[in-house]
Structure formats: structure tokens, C-alpha cells
Amino acid sequence: MSFLKEKEFAIILFVIPLLFLLFNYYTGIENAAASELIGWGSILWNFSMLIGTYTMFKYLATNLVQRKKDSEYSIILFVSFFSYLYCMYAYPAGYDFILSSLQTPLGFGLLVSQFTTYTLLFRGARTRNWLGVLLLISAIFYALSMIPIATRTWVGFQIIGTWINNVPNAGVMRAITIGMGVGLVATLVRELTGKETHYLGG
Amino acid sequence: MILPGKNLDLILLAGICVVIYVLMRRAERGILPKMRKIPLMEELDYIVGRAAEMGRPIHFTTGYGGLHDEWAVMCVAGLSILGKVAELCGKYRVWLQFTCFRGYLVPIGQDILKTGYEKGGNPEMYSDEMVTYYGEDQVAYIGAIINYFETARPAVSMIFGAIQMEMNQILMQSARYDAISLAGTPRLYYQGKMAMMCDYCLLGEELYVVGASITGDPVQLACIQGEDWFKILVLVFLVVGAILTSAGASKLFTSFLGW
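Chains D and A are the protein sequences, given in the same order. Its first residue numbered 1, the first sequence is counted upward by one per residue in this note's numbering. Its first residue numbered 203, the second sequence is counted upward by one per residue in this note's numbering.
Bound conformation, chain D alone (with noise of 0.2 Å):
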């Protein structure tokens, strides 16, 4: 049972399949199996919401039974969290009320306050050296190129804010792209090797 709580364990689970998905993607050989493995990544990924939740739940439980502050929020949470529950499997008109008619609309009321954020890019824009300013002038052209009134006023507006979306940002985009590729390549060596132990902890 020991060896099970060591952290080499886990890494020969992780590596075998890992190996034998890099030889799937190379030779074309199992296919099948291949895909049922990473189907399994999805039913890891759902076990580890298990984990926040019960994590979520012993804190909040905490906070109630030391009355600590705000803890009364807690209560909601609780009682938020069963009535959805039991909503989904034996009530389902009450489930697609509380979708259709709290869940989402207090989600596009935060997603509304996107506009805040996108006028405050320009007023809270650092620029402190040239770069910066460089940055936020092509900003402004590229956002004016997206709006008719702009480009009826000035046909500029489109012609540079097109340019700079084609020719530099998308040097730029490549460049990053082929970075986080190699990045990937280095981590999956760390991981190989064994010498990558962060999803492990500590």
C-alpha cells in the first residue's frame, strides 16, 4: 500500500499512457484504445471536481459552525447548492427555471460589465514609455477599424487597423505560438523523466 502513496506511482501512471498515446499519434497503431484513454481524462477531470466541492464544502461547514464572518453566506450556499440538486432530478421545470431564469441572466449581468472593462483598457492603460504608447495607439486603430461610423468617417481607420491585425500581430502570434509549442515539448521531457512533480504538490 505504500508504494501506492508514493509520488513515483503516479508518475508511471502518467507516463505510460502518455507514451503510448505519443506512439498512437505516430504509427496510427490502436486507435480505439487511444481514444478510450483520453476519454479517461474526462472522467479523471470530474473526480477532481469532487475534490474542490468537498474541499468548497468542509471550509464553508468550518465557517458555520465557528461563526465566523459572513458566514451566513454559507447557508445560502448550502441551500443554493441542494435545491439545484434536487431541482435537477425531481423537479426539472423548477431546474430550468432557476437556469434559464436566475443562473443565466446573473451571468450576462456580469458579462454585461465587459464594456466597463474594455473602456477602462483605455483609461487605466499604463504607458509610461514608448512601447506602451506604440501599443495603445495601434489599439485605438485596430478597435476603430471594427466600427462603421469610424471607418465611414476616415477609410483609414480599416486600412491600418487591417494591416496591423494581419502583418504584425500576426508575426507575433506565430512567434508565440511556436514558443508555447516548444514549451510544451520541455514539459512533457520534465514529465518523461520524472522530474516534474508540481500536479503532485509541493
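The set of hints was computed from the structure by calculation and includes no laboratory data. Treat each hint with caution, since some may be false.
Unchecked claim - Here are the simulated BS3-like cross-link-like pairs (lysine-lysine), alpha carbons at most 25 Å apart as the crow flies:
| id | chain 1 | residue 1 | chain 2 | residue 2 |
| --- | --- | --- | --- | --- |
| 1 | D | LYS68 | D | LYS58 |
| 2 | D | LYS195 | A | LYS453 |
| 3 | D | LYS195 | A | LYS316 |
| 4 | D | LYS7 | A | LYS316 |
| 5 | D | LYS69 | A | LYS321 |
With the hints as your guide, set chain A onto chain D.
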């Protein structure tokens, strides 16, 4: 046996793996690569010190991405930085709040913070409450962070990892409460916003570099060196491709890439 069109792909992957492995072994023997200084790394000590002087907490999050998806490498780099920040917070007796989006990051985050506070010399400061999780709904996650900023008013806000839409809201809250904002992600669509709105930011791969340098881990440092060698190779391919295409031999180059 190898599928057509994947030969060069496999050779490059195997090549870079061997190069990185050799460099890792060299680094473990003490031959470390030199890294250029990144302002954020230089200032981190002072930034945490400022939070201590103000008596306000530090907020940290690794963003939407986790360890199970294609952004895992960014999350790992973010967790490396979290470890160092936790150590500094332990040293200066600052409360570090880590909000995580993924359930499995809760025990990992708790472990990292606990170790960090121990290293910092104040293990008694650590509390399980330093790691919070609000379910895996992005809107709920953003709402919770906004609320945290409203109530706790952190002096410093840090977002390192695979960031998505939440970055907008977190940076907005940082600006509203005059918190020093630090962010870093290699994700494409957030480079511009981050560059404009942060006090210190890590553009592109700087996140990986800082993640490696901050821990001083020879393995990670060697990986950065290996990545640089591979990027030089990619540049060579680009130049050769441009020359061959200009010379009218683009088919030769395309067939080589598709080998």
C-alpha cells in the same frame, strides 16, 4: 511503421527531447545557463515587502487553465511562482490568498503555500483558508474575485498561468483599488491588455523563464536553454524556407516539411 507526413515531426520531437535531457543532466551537475534579468523577478521582494508595510494581503490566481488541459505548462509555471511568493509572504508575514479555478488545485495549492510559509520561517501563519475554490464556473470565479477585492482590498494582485477573460476583471479591480498588478501568460489574446494595464508583466515565454529562474531549479533552467536551441532551429527553418521560396523551390521545402 511511422505514418506518412510524420517522419520529420518525430525526428524533431526526439531531437529536442534528447537535447533537453542532455542539458538537464548537465545542469544537475552544476553547469547552469545564464538568464537575463527580468524586472518582475528583481522587484518581487520589494513588492511583497510593500504589501507587508501596508498590512494588506496579496491575491494570487493561476487563471482558467489547469493541469489537465493544453495549458498545463502555463499552470505549472504559475505554481512555481506561487511557491516563491508564498516563501516571501512567509518571510514578511503577509497573507497570501490563492484563488483556484480547478478543484484539484486546492490540495496542491495548500501544499505549496504550506511549504512556502515554512521556508519563509513563519509556518504558523499558514491556514487552509488561504486557498479558495468557488466551483468551475468562470462567471462565479470572476464574481468571487471581484468580491475578494471589494472586501479584502489586497495590496498586490498576481495572475500567472493560462489566463482567460478573468484577467480583464482582475486588472480592473487592481486599478480600482490601487493594487500593484502583476500578470504573466503566454496566451495570445491577452498580451496587449496585459502590457498596457499591468505594473509588471511577463510577455510570452517570460512566464516559463521566470517560473524556472525563480525556483533556481536546474532542471527547469536547462529546459529553457533547450527551448532556446530549438527556437534557433525554427528560425533556421524559417530563413531557409524564405530563401527557397524566393528562389522558386518552394515545392522542395514543402515536401521536406511534409516528410
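ask   = Given the hint that LYS195(D) pairs with LYS453(A), does the C-alpha gap stay at or below 25 Å?
value = 41 Å, violated
ask   = Are LYS68(D) and LYS58(D) close enough, with their CA atoms no more than 25 Å apart?
value = 14 Å, holds
key: Proposed proximity, LYS316(A) with LYS7(D) (alpha carbon, max 25 Å)   = Given pair LYS7(D), LYS316(A) holds - Cα atoms ~19 Å apart, limit 25 Å.
request  = With a cut-off of 25 Å on the C-alpha distance, tell me whether LYS69(D) and LYS321(A) pass.
outcome  = 30 Å, violated
task = Could you grab the alpha-carbon distance between LYS195(D) and LYS316(A) and see if it respects the 25 Å cut-off?
result = 21 Å, holds
In this structure, the hints that do not hold are numbers 2, 5, in rising order.
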